[in-house]
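Novice: Spelled out, the chains give:
Number of protein chains: 2
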Amino acid sequence: MAKIAPLSGFPEFLPGQRIVEQQILDTVREIFELHGFASLETRSVEPLEQLLRKGEIDKEVYVLRRLHASDADQPSQADQLGLHFDLTVPLARYVLQNAGHLDFPFRRYQIQKVWRGERPQEGRYREFTQADIDIIGRDTLAFHHEVEIALVMAEVFAALPIPPAIIKVNNRKLVEGFFRGVGAADHEAGLRALDKLDKVGSDRVRTLLIDEAGVDSDRADVCLQMAQISGSDGSVADRLRGLGVQHPLLDQGLDELMAVVTAAEARRPGAVAADLKIARGLDYYTGTVFETELAGFESLGSICSGGRYDSLATDGRATFPGIGISLGVSRLVVPLLAAGHLQASRTVPSCVLVAVGDESERAASDAVADQLRSRGISTEVAPQAAKFGKQIRHADRRGIPFVWFASADGHSVKDIRSGDQVDADPTTWNPPASDLRPTVTMDSGQATDPRDPQQEEFTS
Amino acid sequence: MAKIAPLSGFPEFLPGQRIVEQQILDTVREIFELHGFASLETRSVEPLEQLLRKGEIDKEVYVLRRLHASDADQPSQADQLGLHFDLTVPLARYVLQNAGHLDFPFRRYQIQKVWRGERPQEGRYREFTQADIDIIGRDTLAFHHEVEIALVMAEVFAALPIPPAIIKVNNRKLVEGFFRGVGAADHEAGLRALDKLDKVGSDRVRTLLIDEAGVDSDRADVCLQMAQISGSDGSVADRLRGLGVQHPLLDQGLDELMAVVTAAEARRPGAVAADLKIARGLDYYTGTVFETELAGFESLGSICSGGRYDSLATDGRATFPGIGISLGVSRLVVPLLAAGHLQASRTVPSCVLVAVGDESERAASDAVADQLRSRGISTEVAPQAAKFGKQIRHADRRGIPFVWFASADGHSVKDIRSGDQVDADPTTWNPPASDLRPTVTMDSGQATDPRDPQQEEFTS
Chain X
1 MAKIAPLSGF PEFLPGQRIV EQQILDTVRE IFELHGFASL ETRSVEPLEQ
51 LLRKGEIDKE VYVLRRLHAS DADQPSQADQ LGLHFDLTVP LARYVLQNAG
101 HLDFPFRRYQ IQKVWRGERP QEGRYREFTQ ADIDIIGRDT LAFHHEVEIA
151 LVMAEVFAAL PIPPAIIKVN NRKLVEGFFR GVGAADHEAG LRALDKLDKV
201 GSDRVRTLLI DEAGVDSDRA DVCLQMAQIS GSDGSVADRL RGLGVQHPLL
251 DQGLDELMAV VTAAEARRPG AVAADLKIAR GLDYYTGTVF ETELAGFESL
301 GSICSGGRYD SLATDGRATF PGIGISLGVS RLVVPLLAAG HLQASRTVPS
351 CVLVAVGDES ERAASDAVAD QLRSRGISTE VAPQAAKFGK QIRHADRRGI
401 PFVWFASADG HSVKDIRSGD QVDADPTTWN PPASDLRPTV TMDSGQATDP
451 RDPQQEEFTS
Chain H
1 MAKIAPLSGF PEFLPGQRIV EQQILDTVRE IFELHGFASL ETRSVEPLEQ
51 LLRKGEIDKE VYVLRRLHAS DADQPSQADQ LGLHFDLTVP LARYVLQNAG
101 HLDFPFRRYQ IQKVWRGERP QEGRYREFTQ ADIDIIGRDT LAFHHEVEIA
151 LVMAEVFAAL PIPPAIIKVN NRKLVEGFFR GVGAADHEAG LRALDKLDKV
201 GSDRVRTLLI DEAGVDSDRA DVCLQMAQIS GSDGSVADRL RGLGVQHPLL
251 DQGLDELMAV VTAAEARRPG AVAADLKIAR GLDYYTGTVF ETELAGFESL
301 GSICSGGRYD SLATDGRATF PGIGISLGVS RLVVPLLAAG HLQASRTVPS
351 CVLVAVGDES ERAASDAVAD QLRSRGISTE VAPQAAKFGK QIRHADRRGI
401 PFVWFASADG HSVKDIRSGD QVDADPTTWN PPASDLRPTV TMDSGQATDP
451 RDPQQEEFTS
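Quick note, the sequences are listed as chains X and H, same order. Counting from 1, one number per residue, gives the positions in the first sequence under the numbering used here. Counting from 1, one number per residue, gives the positions in the second sequence under the numbering used here.
None of these hints come from the bench; they were simulated from the model. Misleading hints may appear alongside valid ones.
Which copy? The list can't say, so a pair holds if one copy fits it or any two copies do.
With a cut-off of at most 20 Å between alpha-carbon atoms, the simulated DMTMM-like pairs for lysine to aspartate or glutamate come out as follows [as the list claims (entries may be wrong)]:
| id | residue 1 | residue 2 |
| --- | --- | --- |
| 1 | LYS387 | ASP103 |
| 2 | LYS390 | ASP139 |
| 3 | LYS168 | GLU155 |
| 4 | LYS390 | ASP103 |
| 5 | LYS390 | ASP358 |
| 6 | LYS113 | ASP86 |
| 7 | LYS113 | GLU41 |
| 8 | LYS113 | ASP26 |
| 9 | LYS387 | GLU361 |
| 10 | LYS113 | GLU127 |
| 11 | LYS113 | GLU12 |
| 12 | LYS168 | ASP198 |
All values reported here derive from a predicted model rather than from experimental measurement.
Construct all of the structure, not just a fragment, from the sequences and the given hints.
Specialist: Here it is, written out as structure tokens:
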């Protein structure tokens with residue numbers, strides 16, 4: 001059979017890399033649950049009509065077709081099923097479908113794969129994992145959840161073995177109010193122009209502001225000055241007010257922004273900062289918006305984004321406002337792994353390999369392994385009887401720290417890293433806590449931009 | 001917006017049901033890892049060519065199409081991508097692709113969704129979760145792994161809150177040898193006939209044995225007698241030998257079968273039994289085969305199946321034999337939930353709700369919550385200031401057992417089930433261990449066949 005090549009855009013991991021991803025996902029889940037978010041999984045597919053209902057016809061959706069369905073058997077366009085491209089559209093549908101069975105505010109987290117039918121050539125992910133938290137109200141949702149959700153994600157970042165991540169906050173009311181205050185003809189075009197600042201630079205954005213948003217040329221410079229404001233203290237508000245633009249919506253947005261930043265700064269200093277160029281192109285945000293930059297990996301773009309939406313969904317009787325934030329797990333983990341920044345201490349969960357000196361002694365080795373496992377110690381038994389040197393090499397290749405030797409005379413366990421070997425009883429021996437599970441370490445010395453984050457780095 | 005209906009074949013859970021599924025998945029993972037299986041996730045798609053390579057053109061595959069791809073842009077049939085319908089085909093591809101980076105025997109577990117493009121009407125799952133373990137050798141794989149893999153799955157069943165499950169074992173060599181011994185013209189047709197015994201009954205199988213497998217009519221009865229043999233002690237071998245059929249392959253298969261059953265009976269009595277009618281229609285098994293019946297839920301069919309395959313994959317230089325077993329998590333969990341047999345003690349992870357008497361005191365409540373969380377206690381803060389009775393109802397609706405009251409005078413915590421309220425310090429208080437996380441209980445009094453396992457039971 002010919003050499004099998006990886007599929008562009010569908011990253012896969014080797015076992016040691018998967019252990020890194022798993023531990024990151026476990027940490028994310030643990031923190032979400034500590035804050036009372038309930039797990040939700042939605043089906044992977046939605047009717048195409050639902051996926052495109054926001055008019056987002058530019059989304060690259062994968063549509064499903066049953067291989068053996070006849071043409072007559074295929075559903076109409078609207079009834080066709082597509083793979084979800086985010087976890088927000090499914091959440092909106094789920095909330096509407098099950099509103100009568102949910103308690104509001106509904107706090108849910110969702111860690112799942114999503115798919116985007118990107119062109120294969122572009123080196124983008126076509127399958128990737130997201131970890132979202134959202135708090136959904138029925139008709140109303142208190143503002144303090146906008147602070148809360150940023151702080152939960154900041155706690156995740158603090159717990160992960162990754163470079164520092166700062167959550168950048170802005171407020172759509174502030175930006176809209178600002179554009180209205182400078183007399184922009186089309187404030188949404190202004191938002192879209194602002195969103196391009198990092199990509200195309202201020203000269204080009206200035207042109208867009210004038211040509212597309214209808215901002216006077218002297219006011220366009222004021223908009224660019226606004227977009228340069230960032231920080232996590234009261235000076236943000238002072239600098240913005242110093243620009244002299246006035247609008248009630250601007251005042252409201254600024255108050256909300258400062259409330260988020262001030263409360264976050266009090267509870268977790270340095271984790272959250274205002275950044276007035278953050279716009280979020282998506283049209284459903286109505287208040288606070290978030291983006292997150294990873295120090296040294298700015299070229300990845302935002303690894304964690306979200307915001308407030310006053311109407312995630314409505315069923316005619318009730319409206320469901322929400323606040324959510326979505327961590328791009330693959331976007332974060334794949335490049336860090338590709339660049340060799342994250343390492344697992346072993347490629348298997350096993351803490352102990354029980355040696356087998358002779359096949360006739362396998363049952364005794366199995367019994368030792370069962371005793372260790374019953375006390376939570378991951379253990380495997382040597383797959384074949386062999387000289388002890390070979391068994392130690394078997395453990396060493398996988399990073400298993402301990403090899404257990406059982407004989408009629410007694411038991412001993414060897415730390416193959418140090419070579420220390422001690423007598424041991426399988427009903428009482430415990431490894432050091434730090435060896436019980438694989439550990440993940442970050443090589444912080446190399447925290448610079450990654451190599452090409454193509455999945456070819458992983459499994460070819 | 002019109003009422004949204006569930007999609008047939010795509011089960012979804014309410015939050016309390018999801019907690020049940022999560023705890024089952026956590027237990028499965030924990031036991032797999034205790035036995036040294038490493039986690040693997042493969043991408044959800046494979047090239048169509050790969051999915052159909054075993055000639056299984058009857059598989060109901062979902063093929064992907066990019067919504068915005070032009071006709072010229074669409075890949076050729078062989079390059080099209082389909083969603084995987086099991087976790088074995090992706091494993092075979094992954095092992096070939098990464099053989100140079102894996103250590104053999106390669107012990108991996110894989111808990112993932114799979115998809116089958118079934119016709120919507122049939123009430124079958126079109127998206128469901130499987131949990132597989134496989135041990136893959138390079139060129140050789142010791143027989144003892146066939147015992148091991150059954151015992152790992154038996155340990156899973158013993159740990160789950162489900163009715164008793166017995167793993168039924170047979171051996172393809174035994175069955176093939178038996179058919180050869182009775183002079184069947186087509187032993188594979190014999191296997192396929194045997195596979196239908198539970199569905200179509202012995203009269204019809206007898207006809208198939210004669211017409212399709214070419215067994216003489218008097219020998220067909222001997223085959224049916226063979227298929228009735230089951231048990232977990234030496235009497236299985238005695239009864240089989242008593243039928244007087246002779247073939248070297250039969251002897252080899254019987255030895256292997258008895259080795260699995262005897263070793264399993266010694267280590268976990270009652271978990272595994274020989275059942276000579278088990279055939280497994282899939283063509284790649286070459287030795288031990290497994291199926292699993294859930295007591296009281298026999299109509300579900302096998303909830304956990306697998307076997308030995310001497311050649312999962314080959315790349316011309318090396319052959320990769322394997323032994324694997326696959327737990328149908330959705331097949332097990334969805335009907336038990338639908339029938340109300342499994343219940344979570346609460347619908348959220350939260351153990352404590354911190355009350356907020358007045359919005360001006362929210363920061364104090366947040367501080368209490370952070371202290372509790374820092375010690376691993378899942379905590380949420382009341383979403384709005386309200387009378388304490390309302391806050392207790394908020395907790396009660398979600399099953400949160402404790403409500404925390406903080407005031408300038410001091411702290412107290414109330415167990416809202418008993419009504420007991422005690423003074424408490426957020427830096428030292430702990431809930432009873434049994435309340436720390438949601439618990440799952442089985443209502444064993446109702447362990448009979450479930451209602452229709454349609455997902456409509458869940459979320460409508």
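Novice: Hints first: check each against the structure and report whether it holds.
Specialist: Status of each hint after checking the structure:
{"no.": "1", "hint": "LYS387 x ASP103", "in the structure": "between (61 Å within a copy, 18 Å between copies)"}
{"no.": "2", "hint": "LYS390 x ASP139", "in the structure": "between (66 Å within a copy, 18 Å between copies)"}
{"no.": "3", "hint": "LYS168 x GLU155", "in the structure": "within (15 Å within a copy, 48 Å between copies)"}
{"no.": "4", "hint": "LYS390 x ASP103", "in the structure": "between (58 Å within a copy, 14 Å between copies)"}
{"no.": "5", "hint": "LYS390 x ASP358", "in the structure": "within (13 Å within a copy, 68 Å between copies)"}
{"no.": "6", "hint": "LYS113 x ASP86", "in the structure": "both (8 Å within a copy, 17 Å between copies)"}
{"no.": "7", "hint": "LYS113 x GLU41", "in the structure": "both (10 Å within a copy, 11 Å between copies)"}
{"no.": "8", "hint": "LYS113 x ASP26", "in the structure": "both (15 Å within a copy, 19 Å between copies)"}
{"no.": "9", "hint": "LYS387 x GLU361", "in the structure": "within (13 Å within a copy, 68 Å between copies)"}
{"no.": "10", "hint": "LYS113 x GLU127", "in the structure": "both (7 Å within a copy, 14 Å between copies)"}
{"no.": "11", "hint": "LYS113 x GLU12", "in the structure": "both (13 Å within a copy, 16 Å between copies)"}
{"no.": "12", "hint": "LYS168 x ASP198", "in the structure": "within (14 Å within a copy, 62 Å between copies)"}
In terms of the numbered hints stated before, the structure departs from none.
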